[in-house]
Amino acid sequence: MKIEIKTEAFDPLVEQQRYQASLDIQGKYGATAVFIGTMRDFNEGDIVKSMTLDYYPGMTEKHLQQICNTAAERWSLLDSLVIHRVGVINIGDPIVLVAVWSVHRGDAFDACRFIMEDLKAKAPFWKKEELEDGERWVEKNTSGYSKI
Amino acid sequence: MSIKVKFFANLRDQYGLTEEVVDFNEGISISEIWDKVTNRQKMPESIMIAINMEYSSGDVQLKDNDEIAFFPPVSGG
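Top line first, the protein sequences correspond to chains A and B.
Oh and the first sequence: position 91 is 90 in numbering that gives the first Met the number 0, straight run, nothing missing.
Oh and the second sequence: position 42 is 41 in numbering that gives the first Met the number 0, straight run, nothing missing.
Derived from the structure by calculation, the hints contain no laboratory data.
Only a predicted model underlies this, so the values are computations on that prediction, with no experimental measurement involved.
The beta-carbon is built from N, C-alpha and C at its ideal position, and this holds for glycine as well.
Just so you know, nobody snuck in bad clues.
So these bits of chain B aren't anywhere near chain A, every CB distance computed over 10 angstroms: (1) I2; (2) Y14; (3) E19; (4) E25; (5) G26; (6) S28; (7) E31; (8) K35; (9) T37; (10) N38; (11) G57; (12) D58; (13) V59; (14) L61; (15) N64.
Cut-off 30 angstroms, straight-line C-alpha distance, at most; resulting in silico cross-link-like pairs (DSSO-like, lysine-lysine): (16) A/K127 / B/K3; (17) A/K121 / B/K5; (18) A/K121 / A/K1; (19) A/K127 / A/K1; (20) A/K139 / B/K41; (21) A/K139 / A/K48; (22) A/K61 / A/K1; (23) A/K127 / B/K41; (24) B/K35 / A/K61; (25) B/K5 / A/K48; (26) B/K5 / A/K61.
On the chain A side, residues computed to face chain B include the following (Cβ under 8 angstroms): (27) Y55; (28) I94; (29) V95; (30) K121; (31) F124; (32) W125; (33) W136; (34) K139.
Could you put the whole structure together from the sequences, leaning on the hints where they help?
So, in structure tokens, the structure goes:
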């Protein structure tokens, strides 16, 4: 299990492959679920030029770890990886990677979704958007489950 | 006794505060800490509170060297 906060741009699929190669689970996993969150150029009807992500060093990592621990208790997982960007983020940059390895797809899909949704709800990160005519803090995240 | 008080995101901009060290007497409440640090500004209704990096309802007995953080609802991911 690995949690990482990155201050520089990263390639999520390279990170996923690199971490996977470091694990002693070759031949054991039958399912890898991957979620990548990416920086859009619009939000709430406005053009967004870039974004700055703030976080609470110490608490953020601690809560990401707790979320992954909870997922590992609820589902049968072989490993998980969460990487989250902070600092200035440009259009098209990856913001977050969640990767989960399991024997079967059900556990992998469900745990990946849970980690992502719990991260959105609890992990202490805050986004400030740079717009064409100023900047604003994103007030809160909406639930990803609301449209089901 | 003293505690560290941290502010994040829009609260830093709004109150011009990042990190403060507050001396206090035993029994002081979170809202009294808030009043002391912000000079009695109104506490936002949506505020979130963490004590020693764990979410808190704010109804706790503070100890020497505790770390309190005030921040808005989270928006990561």
